[in-house]
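**Student:** Line by line, the protein sequences give chains A and B. The opening residue of the first sequence carries number 29 in this note's numbering; numbering runs sequentially from there. The opening residue of the second sequence carries number 29 in this note's numbering; numbering runs sequentially from there.
Note that these hints are calculated values from the structure, not bench results. Values in this document were obtained by computation on a predicted structure and should not be read as measured data. C-beta: ideal position from N, C-alpha, C; glycine also. Heads up, some of the hints might be wrong.
Facing chain B, from chain A, some residues (calculated, C-beta under 10 Å) [what the hints assert, rightly or not]:
1) Ile-41
2) Ile-58
3) Arg-65
4) Ile-70
5) Leu-93
Below, computed lysine to aspartate or glutamate pairings styled on EDC-like, alpha-carbon distance capped at 16 Å [what the hints assert, rightly or not]:
6) A:Lys-68 with B:Glu-100
7) B:Lys-68 with A:Asp-101
8) B:Lys-47 with A:Glu-71
9) A:Lys-92 with B:Asp-101
10) A:Lys-38 with A:Glu-100
11) B:Lys-34 with A:Glu-71
12) A:Lys-68 with B:Asp-101
13) B:Lys-34 with A:Asp-103
14) B:Lys-68 with A:Asp-87
Per the computed footprint, the stretches of chain B lying under chain A, defined by three or more beta-carbons under 8 Å from a beta-carbon of chain A, are [to be verified]:
15) 47–61
16) 86–94
17) 97–103
Number of protein chains: 2
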Amino acid sequence: MKAKIKVMLKKSILDPQGKTVLHAIQDMNIGNFSDVRIGKYIEVSFNNSNLDSAKSEIDDICKKLLSNPVMEDYDFEIEEIN
Amino acid sequence: MKAKIKVMLKKSILDPQGKTVLHAIQDMNIGNFSDVRIGKYIEVSFNNSNLDSAKSEIDDICKKLLSNPVMEDYDFEIEEIN
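Put together the whole structure using the sequences plus the hints.
**Tutor:** Right, here's the structure in full:
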């Protein structure tokens, strides 16, 4: 199976990296951009025949390893691949 | 509109950060994990009433600003939000 995980700063937390990229885009004079937020995207390949236990494993590693629960939110999808 | 952009190292390029996370997951003794790859996830909010021109704007900033085309591939979806 493959899990696709997104980890983003919580909405209430300022994202200076995103702000910097927003200013760079605005300096390029293309379009009308209002906000940029930058996070992490993680693809994990693993074997597990049971979808529920796969979800709980991925939830576990998101909480313990991939995100900082004080500042970040995570979200994932699991794809079954044969 | 909102663009959701993923930037990943090309498949042929080693991802040492991903390897480190893979070893950390394996040390936790949960499940049977075989690969981890880490990239960036970027959400961009902007105004554009035309979907085709929105796509070309986002493609432009991905090429010029958000990815390194020598080492990275990008991929995006655009959502219309009112």
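**Student:** Can you name, in rising order, the numbers of the hints this structure does not satisfy?
**Tutor:** 1, 9, 14 and 17
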